[in-house]
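> Here are the chains, one letter per residue:
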Amino acid sequence: MSGETILEVDDLHTHFFLRRGVVKAVDGVSFALRRGEVLGLVGESGCGKSLTALSIMRLLPRGGARTIRGQVRLNGRDILPLSPREMRHIRGPMISMILQDPQTSLNPVFTVGNQLREAISRRIGMRGSGVIREAMEALRHVDIAAPEQRISQYPHQMSGGMKQRVVGAIAISGHPQVLIADEPTTALDVTVQLQYLKLLKRLQRETGMAILFITHDFGVVARMCDRVAVMYAGRIVECGPVQDVFTKPSHPYTRALIASVPTMTGPIGRLRTIEGQPPSLMDPPLGCRFAARCPQADQDCRDAYPATTHVGAEHTVACRKAGQP
Amino acid sequence: MIDDALLRVSGVRKHYPVTKGVLFAKPVGTVKAVDGVSFTITAGRTLGLVGESGSGKTTTARLVLNLAEPTDGEILLQGQPIHGLTGQARRQYRALVQAVFQDPWASLNPRMTVGRTIAEALIVTAWGSRTAIAGRVQELLEQVGLRGEQAGQYPHEFSGGQRQRIALAGALASRPKLIVLDEPVSALDVSIRAQMMNLLKDIQAREDVAYLLVAHDLATVRHMTDQTAVMYLGKIVEYAPTASLFRSFHHPYTKALFSAVLPPQPDRRGEEIVLTGEVPSPLNPPPGCAFHTRCPFVMPVCARREPELRQVAPGHLSACHLDHAA
Chain X
636 MSGETILEVD DLHTHFFLRR GVVKAVDGVS FALRRGEVLG LVGESGCGKS LTALSIMRLL
696 PRGGARTIRG QVRLNGRDIL PLSPREMRHI RGPMISMILQ DPQTSLNPVF TVGNQLREAI
756 SRRIGMRGSG VIREAMEALR HVDIAAPEQR ISQYPHQMSG GMKQRVVGAI AISGHPQVLI
816 ADEPTTALDV TVQLQYLKLL KRLQRETGMA ILFITHDFGV VARMCDRVAV MYAGRIVECG
876 PVQDVFTKPS HPYTRALIAS VPTMTGPIGR LRTIEGQPPS LMDPPLGCRF AARCPQADQD
936 CRDAYPATTH VGAEHTVACR KAGQP
Chain C
-2 MIDDALLRVS GVRKHYPVTK GVLFAKPVGT VKAVDGVSFT ITAGRTLGLV GESGSGKTTT
58 ARLVLNLAEP TDGEILLQGQ PIHGLTGQAR RQYRALVQAV FQDPWASLNP RMTVGRTIAE
118 ALIVTAWGSR TAIAGRVQEL LEQVGLRGEQ AGQYPHEFSG GQRQRIALAG ALASRPKLIV
178 LDEPVSALDV SIRAQMMNLL KDIQAREDVA YLLVAHDLAT VRHMTDQTAV MYLGKIVEYA
238 PTASLFRSFH HPYTKALFSA VLPPQPDRRG EEIVLTGEVP SPLNPPPGCA FHTRCPFVMP
298 VCARREPELR QVAPGHLSAC HLDHAA
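In the order they appear, the protein sequences are chains X and C.
636 is the number of the first residue of the first sequence in this note's numbering; add one for each residue after it.
-2 is the number of the first residue of the second sequence in this note's numbering; add one for each residue after it.
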């Protein structure tokens, strides 16, 4: 699936400007999302993965977050300088988002039909029975049985999995070319998670949209993604096809992270851990941000941030020791 | 025969009446949150309770913690019934059975130093003098991998993983025999999760404390427990030594749970059973086997008669008509 690039994030810097200092939460993130692919963005809490998504959507939280440098090119056009009004025409038909908690994504005082119709009528520019038909079709499309009844229900009358389906239906109602899914299954039960992932995969195949899939779960990455980018302390440290990154993880952080996941097979013993904590992003180290926790780090690693190098045709890593045992 | 069980739960039910109206509330139904659950926990060992939301695993944990009275059935700790305790006996029970909950951000009082939070259990049981308590707090902090001098700090100065360690230190203060762990690692990051799991195992080995681990993640259960009970809609559907369960599981629901686990390796897709729909409401559980509405192997008998837990391998119980058909 090596199609053309549809979304390109280039040297993105989004910082929080707080009274006590500047938190460099996203600090030089670059990646490309290709047409029709699923790219995983994986990392632990606080690594900047969600803020990267919100920067792309131009939906930064209030309270001092600002994108201060970089470009986000959608179909070759930088969307960061666009006015809020212009952005409203981009969100929906071009790029859309699913958040973790369906409870907070839906408005509790409107029926799901109401919320779905609003999204649909904005796209096709009409109201009335045509929109209702389309809304019903959209619900059927996300495997909701008996849509004629569900359409007049309120969010609280639905289960978590069903609400997240409705959120999905709204997100893709504008036929976006790019969908950002930020931990869409974290709040769901495991058997429901599997249903939802299968649904997303089917929708992606049918519509040909590209998905930026944000998660902390390597199992979900293995199941859903074509390529994966690993984030640590505000930067991408490794990126490549899922197969390569899982079988030949080249960054010590990726290696340690994969090794620390408890497994369903193999010996049961002590789990591998990563000692220490991620650095403060208010005052990140000059060199490699993982150096303080890395068993292979030397003085060079601490002195300067490592360049990103190729370890495979499409597999890149930001580590001086890459390729060394 | 000597009863070697630390905790014995037999035939426990917890039903909540559902009413309509405010002033003259009429009962309109019953939520059978826990509906006839039995298991035992051996001293120093770990039992895992696995299930999805609505399975009753948290209600079961609350019953064991004596935070709720069972509608029916009995829970014995070291042979003594735990419900209906008052005064001194109740306080003693609280000292013997402790808990660590899922959310490390909600379980510590933000206005108390962590030392004070840990000391709380010691103070209410008049454990010792002020200096003795301070010494014990330091010892507990060190036991969970923190530094003794951190006792004077407030919760906001700690990360999620450290807070969970502090909650564990508090639970250990009264030297309990049993700690109920309700999703103790699911709010933690992957790398921190492994540290916490290792710590829990170390502490068990050192203190000989038993755990009741409530979890939804099967890999966590595999690494942490000796016995596993799989719950669905208020009932245990499969109950087995963990090693036996992970070697061969019997109940179709357990099968579905296992196939929903996504291994962190590409191209490692086993047989996949994707269930349709979600867990039905415990207000109106389906008749017969509660799982029959979603079961891929459903037979006519399943809707009529509820299957009993029966032995399918040594010490391995499963409640499914399929196992007894042959």
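Read the hints as simulated data drawn from the structure, not as lab findings.
Among the hints, erroneous ones may be present.
Claimed, not checked - The calculated label-pair distances, taken between Cβ atoms and stated as ranges, are:
(1) D1/C x Y789/X: 48 to 56 Å
(2) G41/C x A927/X: 34 to 42 Å
(3) T821/X x V298/C: 50 to 58 Å
(4) P238/C x F652/X: 51 to 59 Å
(5) I120/C x I703/X: 49 to 57 Å
(6) T39/C x D933/X: 47 to 55 Å
For every residue, glycine included, the Cβ atom is placed at its ideal position computed from N, Cα and C.
> Which of the numbered hints are not met once you compare them with the structure shown?
3
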